[in-house]
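Participant: My request is simple: use the sequences and hints to build the entire structure.
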Amino acid sequence: MDKIASLLGFLPESVVAIIMILIKIILIIVPIMVAVAYLTFAERKIIGYIQVRIGPNRVGPKGWLQPIADALKLMTKEVILPENANRFLFLIAPLLVLGPALAAWAVIPFNDGWILSNINAGLLYILALTSLGVYGVILAGWASNSKYALLGGLRTAAQLVSYEIAMGFALVGVLMATGSLNLEEIVNVQRGGIHHWLFIPLIGLFLVYFIAGVAETNRAPFDVAEGESEIVAGFHVEYSGMAFAIFFLAEYANMILISALTATLFLGGWLSPFEGLLPASVFEIPVLGSLLGNGIHWLVFKTAFFLLLFLWFRATFPRYRYDQIMRLGWKVLIPVTLVWIFAEGIAIAFGWTPWA
Amino acid sequence: MSDLVPVIPEIFILTMTCVLLLVDLFIKEDQRDIVYWFSLAILASAFLLTYQGQPSERELVFGASFVRDSLSDILKLFVYVVSAGVFIYARDYLKLKGMYKGEFFLLGLFAVLGMMLMISSASFLTLYLGLELLALSLYAMVALEYHSARASEAAMKYFVLGAVASGILLYGMSIMYGLTGTLNIYEIQARLLEAGDAGRTGVAFAMVFILVGVAFKLGAVPFHMWVPDVYDGAPTAVTNFIGSAPKIAAFAMVVRLVIEGMGSLHEQWLQIFLVLAVLSLLIGNVLAIPQTNIKRMLAYSTIAHIGFIVLGVLVGTADGYSAALFYTLVYALMSMGGFGVLLMLRREGQEIELINDLKGLNDRHPWLAFMMMLLMISMIGIPGTVGFVAKLWVLEALIHEGFISLAVFAVVMSVIGAYYYLRVIKTLYFDKPDSELVMTSNWDSRLLVSANGLAMLVLGLFPGLLVPLCVAAFAG
Amino acid sequence: MTFQMFLFYFFATIQVFAGLRMISVRNPVHAALFLVLSFVCAASLWILMEAEFLGLLIVLVYVGAVLVLFLFVVMMLDINIAQIREGFARYLPIAAVAALVMVVQMIWVLNDKVFKASAPPPALPEYNNTEALGEVLYTQYVLQFEIAAVILLVAIIAAIALTLRKRPTTKYQNPGEQIKVKRNDRVRLVQMKAEKNEVEPE
Numbered sequence: 216m217d218k219i220a221s222l223l224g225f226l227p228e229s230v231v232a233i234i235m236i237l238i239k240i241i242l243i244i245v246p247i248m249v250a251v252a253y254l255t256f257a258e259r260k261i262i263g264y265i266q267v268r269i270g271p272n273r274v275g276p277k278g279w280l281q282p283i284a285d286a287l288k289l290m291t292k293e294v295i296l297p298e299n300a301n302r303f304l305f306l307i308a309p310l311l312v313l314g315p316a317l318a319a320w321a322v323i324p325f326n327d328g329w330i331l332s333n334i335n336a337g338l339l340y341i342l343a344l345t346s347l348g349v350y351g352v353i354l355a356g357w358a359s360n361s362k363y364a365l366l367g368g369l370r371t372a373a374q375l376v377s378y379e380i381a382m383g384f385a386l387v388g389v390l391m392a393t394g395s396l397n398l399e400e401i402v403n404v405q406r407g408g409i410h411h412w413l414f415i416p417l418i419g420l421f422l423v424y425f426i427a428g429v430a431e432t433n434r435a436p437f438d439v440a441e442g443e444s445e446i447v448a449g450f451h452v453e454y455s456g457m458a459f460a461i462f463f464l465a466e467y468a469n470m471i472l473i474s475a476l477t478a479t480l481f482l483g484g485w486l487s488p489f490e491g492l493l494p495a496s497v498f499e500i501p502v503l504g505s506l507l508g509n510g511i512h513w514l515v516f517k518t519a520f521f522l523l524l525f526l527w528f529r530a531t532f533p534r535y536r537y538d539q540i541m542r543l544g545w546k547v548l549i550p551v552t553l554v555w556i557f558a559e560g561i562a563i564a565f566g567w568t569p570w571a
Numbered sequence: 002m003s004d005l006v007p008v009i010p011e012i013f014i015l016t017m018t019c020v021l022l023l024v025d026l027f028i029k030e031d032q033r034d035i036v037y038w039f040s041l042a043i044l045a046s047a048f049l050l051t052y053q054g055q056p057s058e059r060e061l062v063f064g065a066s067f068v069r070d071s072l073s074d075i076l077k078l079f080v081y082v083v084s085a086g087v088f089i090y091a092r093d094y095l096k097l098k099g100m101y102k103g104e105f106f107l108l109g110l111f112a113v114l115g116m117m118l119m120i121s122s123a124s125f126l127t128l129y130l131g132l133e134l135l136a137l138s139l140y141a142m143v144a145l146e147y148h149s150a151r152a153s154e155a156a157m158k159y160f161v162l163g164a165v166a167s168g169i170l171l172y173g174m175s176i177m178y179g180l181t182g183t184l185n186i187y188e189i190q191a192r193l194l195e196a197g198d199a200g201r202t203g204v205a206f207a208m209v210f211i212l213v214g215v216a217f218k219l220g221a222v223p224f225h226m227w228v229p230d231v232y233d234g235a236p237t238a239v240t241n242f243i244g245s246a247p248k249i250a251a252f253a254m255v256v257r258l259v260i261e262g263m264g265s266l267h268e269q270w271l272q273i274f275l276v277l278a279v280l281s282l283l284i285g286n287v288l289a290i291p292q293t294n295i296k297r298m299l300a301y302s303t304i305a306h307i308g309f310i311v312l313g314v315l316v317g318t319a320d321g322y323s324a325a326l327f328y329t330l331v332y333a334l335m336s337m338g339g340f341g342v343l344l345m346l347r348r349e350g351q352e353i354e355l356i357n358d359l360k361g362l363n364d365r366h367p368w369l370a371f372m373m374m375l376l377m378i379s380m381i382g383i384p385g386t387v388g389f390v391a392k393l394w395v396l397e398a399l400i401h402e403g404f405i406s407l408a409v410f411a412v413v414m415s416v417i418g419a420y421y422y423l424r425v426i427k428t429l430y431f432d433k434p435d436s437e438l439v440m441t442s443n444w445d446s447r448l449l450v451s452a453n454g455l456a457m458l459v460l461g462l463f464p465g466l467l468v469p470l471c472v473a474a475f476a477g
Numbered sequence: 015m016t017f018q019m020f021l022f023y024f025f026a027t028i029q030v031f032a033g034l035r036m037i038s039v040r041n042p043v044h045a046a047l048f049l050v051l052s053f054v055c056a057a058s059l060w061i062l063m064e065a066e067f068l069g070l071l072i073v074l075v076y077v078g079a080v081l082v083l084f085l086f087v088v089m090m091l092d093i094n095i096a097q098i099r100e101g102f103a104r105y106l107p108i109a110a111v112a113a114l115v116m117v118v119q120m121i122w123v124l125n126d127k128v129f130k131a132s133a134p135p136p137a138l139p140e141y142n143n144t145e146a147l148g149e150v151l152y153t154q155y156v157l158q159f160e161i162a163a164v165i166l167l168v169a170i171i172a173a174i175a176l177t178l179r180k181r182p183t184t185k186y187q188n189p190g191e192q193i194k195v196k197r198n199d200r201v202r203l204v205q206m207k208a209e210k211n212e213v214e215p216e
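Chains as they are written, first to last, in my numbering: chain H, 216 to 571; chain F, 2 to 477; chain R, 15 to 216.
Keep in mind that a hint or two might mislead.
[As the list claims (entries may be wrong)] Sample of chain R residues lacking proximity to chain H, with all beta carbon distances greater than 12 Å (derived): (1) Gly33; (2) Leu70; (3) Leu106; (4) Asp126; (5) Phe129; (6) Ala133; (7) Tyr141; (8) Lys180; (9) Tyr186; (10) Gln205; (11) Ala208; (12) Lys210.
[Stated by the list, open to error] Capping the alpha-carbon separation at 35 Å, the derived lysine-lysine pairs in DSBU-like fashion look like this: (13) F:Lys98 / R:Lys185; (14) R:Lys210 / H:Lys546; (15) H:Lys277 / H:Lys260; (16) H:Lys546 / F:Lys433; (17) F:Lys96 / F:Lys158; (18) R:Lys185 / H:Lys546; (19) R:Lys196 / F:Lys98; (20) F:Lys96 / F:Lys433.
Because the hints were derived from the structure by calculation, they are not lab data.
We treat Cβ as the ideally placed atom computed from N, Cα and C, and that holds for glycine.
Facilitator: Now the structure itself:
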């Protein structure tokens, strides 16, 4: 990074800074986009295997080029504007879903010091941005001028607002344990091996957070917003072509984001589970050492694990009914978080903080 | 820890109300009396706690945002008494109306908490939050009868106008904060004096906004529009609550904001208060005359009484403030009793709404009619009742400071006001009953109404029971 | 003009524009969206003033929760805009006068000498806005903080008291009961004699 900066030495300093930020953004976004593309492929493959099918295997070797073919197909399709739809909102809605899902990555640490913007209130920033995604869905539902879309939009609004509370409370627990809103510091507090990770003392909040995360992304079994058997496809029933593709992209980008966040907040992000457990000399072995030591590959691995869970859920659970979703959110998850935070507060007050 | 001692009554009420909230959840529909007795017990215990813990001098706690002095204690004691009275009167009425739910008492207790915080506020922030706590509870109480369109309309009006008033008040407070750099009421007074430019325009603007907000909450003319509609539309038990205890809190608001916060600006706010008082006396008394609905009539009479309270305040001396305090406390008791009588009666299964519904009460229930008469003549201010003492004291304070013409005007208005109170008495005693009039209340309300009516006489004959307390409240 | 000044004017202009559009636009959903825009700009301005906690909080609470519910309601309401607009022209002069008075008065008040203070020194790098706020909130302003909590509790109680109506016609599902069901509760086996199909003699 510094080398690139020095290469650009002939430009004024502020321009260099902006260029460097742009490069970093590209470095974050491009891998995410690739990951999204192959996540869709992985989804079809994994669900296929779970259902004892093969899944896509025609395009390219073993179907590897399937996502690219899908993307090309969607790009060349016509974007249909429904009659009497609100043109501007209809077109901007998909971007409103995608924008926050990508912007949230700015504060996620990928490795020691690998972070786009190391701000103090990182956790709050994430919460604020994830709460914005709901606008795209609601507006898509409303602007489509279609009954099914509106129903889907309303269902989503209610669901997201309800689960955001549980999610926020789960994050409060993390904040209390680590004493910081900065994600890098939250990871650093968990240093010292798997038994220092927060998911052990905060197991309840960890589960609540991930369940709420699944609900926030509108994934099965919480996908009443789409509910293809009842309201066709919910809020994006009227979308086609590229506009639909952006919704698709945003959904998967959100899944990756939630997985990465769960990994960062509760499973020590880029930290290795063996840190502190194996003798220090092991980490100095050339290849094996860096594999076992801390590094971005651990974050990727943990994120992949949660993504697998997302797909597994989809293949396993039947869809919740709307009232059951609300019940779970308000009567189970939120009370669990409240009790947990209370107990945690007592533990901290009495100085019983095993994670510190 | 010592910070918590002066707020023990507040903490007690809050904790016990939360306990009551849980109790209410787990009891059966026919055990609702538990909530009723529980809430009375809470108020009684709070009374004892406040009475026992009276400090010898002014105590400021929580970063000087909460004050406890003899004024706050006497106001709080009356708030407990009046609220308990309202609860007692309400019980049978609510039962008959199918509104006998825990929420009435819970919201009432939260309103009491809000009033206590207003009474004890030494900072704009505490005062505003207390006010909102009170107002929010009251809006909900008005709307509790949700299947009635009139109650919903009244709640909506109350809510919108109340929100506007709160906004105006807050705007004034924010200007004042900008100009003085403090939220503390005593500090503001000091800074205004220190700056020596109390007359500058910004301060005047801030003061006007604050006063408009206060006048709204008091229900003084020209900010009285909500009073008759809300009184009329709300279920009578709620009207009784709105008309009594919150007036004490509103008086506390006047004391904290105007007298203690802007005492050095007396010259300026005197003008505004003059207009408020004169208009309130005039409009309140004159518009009460044509009313046939007794709740509306009492609403206009409230406005007139508020005019008297404002008169006491505008004098600007400790004597005037004490008179206004005395008037407020007495008025809360009178109003509670007046609506209480209405709550105890039913005409042909319907609640009392018109003055004519009270026809011939003397033939049916002479004792109740007698109590109502005592309350009414006390509202007129006939010698021998406490209403007379209250009016006399205010007039005395006025004359002492040279507001002779104002005093004469107040007397004339009182005489005009006597007309509509006497009409009620005439209806009670001289009209023949033309339909069934039943007293539906239990022993607790009957006991209370007797005490309430006789208190008018006792306090009227022996004002020394209450007067020294009111004098002491402003002696410091 | 520094970059920060540029940002300030940029966001401030958008905010004023959004505020104006919010009250002038015809469609209530658009109005709500302009309100969202104006909140986002306000949040940006706060962050410019180094109040990042409050800035993010306004996005989280107002934009992310309150206005979503607001939109939710507005979208479901069938608002007759023409009806609402009826009094617009009639009340416009009064409203204009009131607005003018407010503006003049604000200018007047803001011209007061106390508002002519210079900018405070920039915060130290280790200064943490969130922590600083938390510290005063739980010490100096703990009483007010608690009252605010009580107000919210009252709001919950009031909302539930006003909207929770037990309707006897509503049907509930009780999973426990459903699981406990035995075969005998649902199915009754009836023995019936085989009926003879008597053929009538011709």
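Participant: Is it true that the CA of lysine 277 of chain H sits at most 35 Å from the CA of lysine 260 of chain H?
Facilitator: holds, 10 Å
Participant: Would you check the hint for lysine 185 of chain R and lysine 546 of chain H, treating anything up to 35 Å between C-alpha atoms as holding?
Facilitator: holds, 19 Å
Participant: Evaluate the condition: distance from the CB of lysine 210 of chain R to the nearest CB of chain H exceeds 12 Å.
Facilitator: Non-interface label stands for lysine 210 of chain R: nearest chain H Cβ at 49 Å, farther than 12 Å.
Participant: Report holds if the minimum CB distance from tyrosine 141 of chain R to chain H is greater than 12 Å, and violated otherwise.
Facilitator: violated, 9 Å
Participant: Does aspartate 126 of chain R clear chain H by more than 12 Å, comparing its Cβ with all Cβ atoms of that chain?
Facilitator: holds, 34 Å
Participant: Is the Cβ of alanine 133 of chain R more than 12 Å away from each Cβ in chain H?
Facilitator: holds, 21 Å
Participant: Can you confirm whether the C-alpha distance between lysine 210 of chain R and lysine 546 of chain H stays at or below 35 Å?
Facilitator: Distance of about 59 Å is beyond 35 Å: violated.
Participant: Any Cβ of chain H at or closer than 12 Å to lysine 180 of chain R, or is the non-interface label fine?
Facilitator: holds, 16 Å
Participant: Compute the least Cβ-Cβ separation between glycine 33 of chain R and chain H, then decide whether it is above 12 Å.
Facilitator: holds, 19 Å
Participant: Are the Cα atoms of lysine 196 of chain R and lysine 98 of chain F separated by 35 Å or less?
Facilitator: Roughly 44 Å between the alpha carbons, so the hint for lysine 196 of chain R and lysine 98 of chain F is violated.
Participant: Just double-check glutamine 205 of chain R for me: nearest Cβ-Cβ distance to chain H has to come out over 12 Å.
Facilitator: The claim holds: glutamine 205 of chain R sits with its nearest Cβ about 39 Å from chain H, beyond 12 Å.
Participant: So is tyrosine 186 of chain R really clear of chain H, every C-beta pair being over 12 Å apart?
Facilitator: About 10 Å separates tyrosine 186 of chain R from the closest Cβ of chain H, which leaves it inside 12 Å; violated.
Of the numbered hints listed earlier, those contradicted by the structure are 2, 7, 9, 14, 16, 19.
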